[in-house]
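J.: Sequence:
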Amino acid sequence: MSDTMVGVYTLPKGGLYGGPFDSSHLDPNVQAVMMNHRWTTSAGGDVAATTITYAFPTSTEDYLDVAGGYPDRDNLDGFAPVTDIQKAAIRAAFGLVSSYTNLSFVEIESGLAQDAAFRFARYGESGSESNFPANADESYAPSDSRSAGDTYLGGNGTPPTAAFFGTDHFNTIIHEMGHAFGLKHGHDDEFGGKLTDDRNDNEFSVMTYASYLGADADSGASEAWVGSSPQSYMMYDIAALQAYYGANFSRVGTEAVYTWDAVTGQQYINGVAAPNTGASETGKILTTVWTQGATATYDLSNFSEDQLADLRPGQWLQFSSAQIADLNNQAPEGTDAYEAKGNVYNALLYQGDTRSLVGNVITGSGSDVIIGNEAGNRISAGAGNDFINAGAGNDIISGGAGADLITFGAGRNLLRDVLSDLHGDVVMDLGQHNAVQILGIRAARGDFTIQPGQDSSLVSLHESTFELRGDFSAGNFVAMARHAGDDAYTHLSFVAYLPELAEHARVDGALINGIADEVLLSGDGMTNFSVTLQSSHSGYSNMIGTYRIGADGSISDVTLLFQNTVDPMAVGRSVDLGQPEAAESIGFFLVQNGFAIYGGLADDLSFIGGADAGWTLHSASRGALTDAAVFHATADFNPGDSVQVLSGLQPGSEALWIGFEDLTGPVSDWDYQDVVLSVLYTDMYLG
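Just so you know, the working numbering puts the end of the sequence shown at 687, numbered straight through with nothing missing.
Hints were generated in silico from the structure; no laboratory data involved. Misleading hints may appear alongside valid ones.
What the hints assert, rightly or not - Derived CB-CB ranges, DEER-like:
hint	residue 1	residue 2	range
1	Ala624	Val571	24 to 34 Å
2	Pro452	Arg312	26 to 36 Å
3	Pro28	Asp65	41 to 51 Å
4	Pro28	Gly652	57 to 67 Å
5	Ser321	Glu518	35 to 45 Å
6	Pro666	Gly600	45 to 55 Å
7	Asp22	Glu333	36 to 46 Å
8	Arg312	Ser104	25 to 35 Å
9	Gly440	Ala611	32 to 42 Å
10	Ser554	Tyr497	24 to 34 Å
11	Ala484	Ser104	44 to 54 Å
12	Arg312	Asp74	39 to 49 Å
Each residue gets a CB set at the ideal place from its N, CA and C atoms; glycine is no exception.
Put together the whole structure using the sequences plus the hints.
T.: See the structure below:
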């Protein structure tokens, strides 16, 4: 700015203004790339812009035609319009930012400040520069309204060919545009701190001058080899842009399968070249994925080497060593110390919203390390001796061929493989919430040989043996065969013994497990179930009923099994439940003191409502039955997801025993012996 020109900070630029932002609540590495001013709808306002105009001026008059004069006249020396290649790179960058945030961009013809918030031109310097959103904040970098958002590209921002992805030129363009959005240098600790040493390079942010970890960014920018610079904004840039302008979740409800070409590095989504991506000149891959909330899968099955696939936010995947970026062009290519950690990096969560997580991964034929995240992951490893850590969430895992080491995390997890692929596997922390499903086989419990050891059991079936680790001292293994033909599988799980129940004896909270394994109550059209009332110790004359639960969570075929559980004639009586179809399961419910309140009920019952709104018991002849509380064995169906049952085995019995608690809240004694049922199944296929 001229020494005699007075700064102007509150005029509109392209109809927008600059406004302050408080980043103090954010991750320090996100703060490190934020200068705390963004584009807003009013001067100094707190409402972020949602639409930003941009232009490619063709004349210096576009800049000079502004009230009070243009403050950056020196930058107009050597002015030239941007090239078509630069335009393509800039449009790709806008497309990337739009995919991350709630911003949309409109390209316009007019290059006047009153019309275009962002403007792009070339100038006669070797470097490039850009102006921040308008602000008068002397603590970091004031920016005049008349030049805010203006970007000047010099030699380092002029890609020589259309293959600009992965070049330092493209990295420069998106870096300078980052300034225009309100991002600062990540290596600069003068304001907001700097990136931590283990994250201060272009793997994590395009806003740092350090292309590789350990580079002396204070002395100037280092540079990667051609093709090895970032092909997108990286995780801390994305998080900072989202903090300013919100996060884009427009793909929720869709599916996205991410793949990369093993030669060119081109990224695809569902088999189509991903928007705003391209192959680098050398086939390298260095990018960060933001899913926009799609149900996302990394399909890496076309890569055969040993892989690292870490699905956690802020972590990375390394699946092609030949396509790992070389981050220091002053060292020979392939120098380990200057290679990127991964090919693809996962974006951070936005305000803890897990919808952006990549939930699924398919790896190749190498011996892979796979780490899940907090979503319900579907992990499929190919051949090789794989290490799989499921992480939190309800996960479905296939280790594939080879001797795999699988660690279940929190949640309810399934290991699903054909028997030959399970051979040699070791499963850690099987516990009482996880199971193994053997595909293509219907087997009974007696078909297995299980050799118990200290904190582990060797499981053998036919010619295959695998090891299950955990505490198996107070329960037994249960095998449930389901379906037939190509759909057949055997579900092997460990179920604890039912704790000893007594009147007014509160059950240890750690033992309250609901239905121990929902598969034990699932149907396939070939398994018959029956239920027996084992005991009832309650001051209430409770009713017990059953129904079918559909795959969509619907309730049908509601029937009362026992009208009055304290009737001595009811105890010990068994009722046949039939053969639920595939995708159906059996559920149970208790009507608190139902016989005393309603007397006998006709066989015309249904449940109206849903798990979210709540279920109401209804009689076709008597209407809504709302005078008595109803508790379900399925916790999701109860208000507040209250767990009203526990379940387990009894020594010497193949049945699943279920104990109901007929009170809830502070008035309950939580003894779970008010009504005790046992459910027995018979495999009609195996006989």
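J.: Tell me the hint numbers this structure goes against, listed in increasing order.
T.: Result: hint 6 breaks, nothing else.
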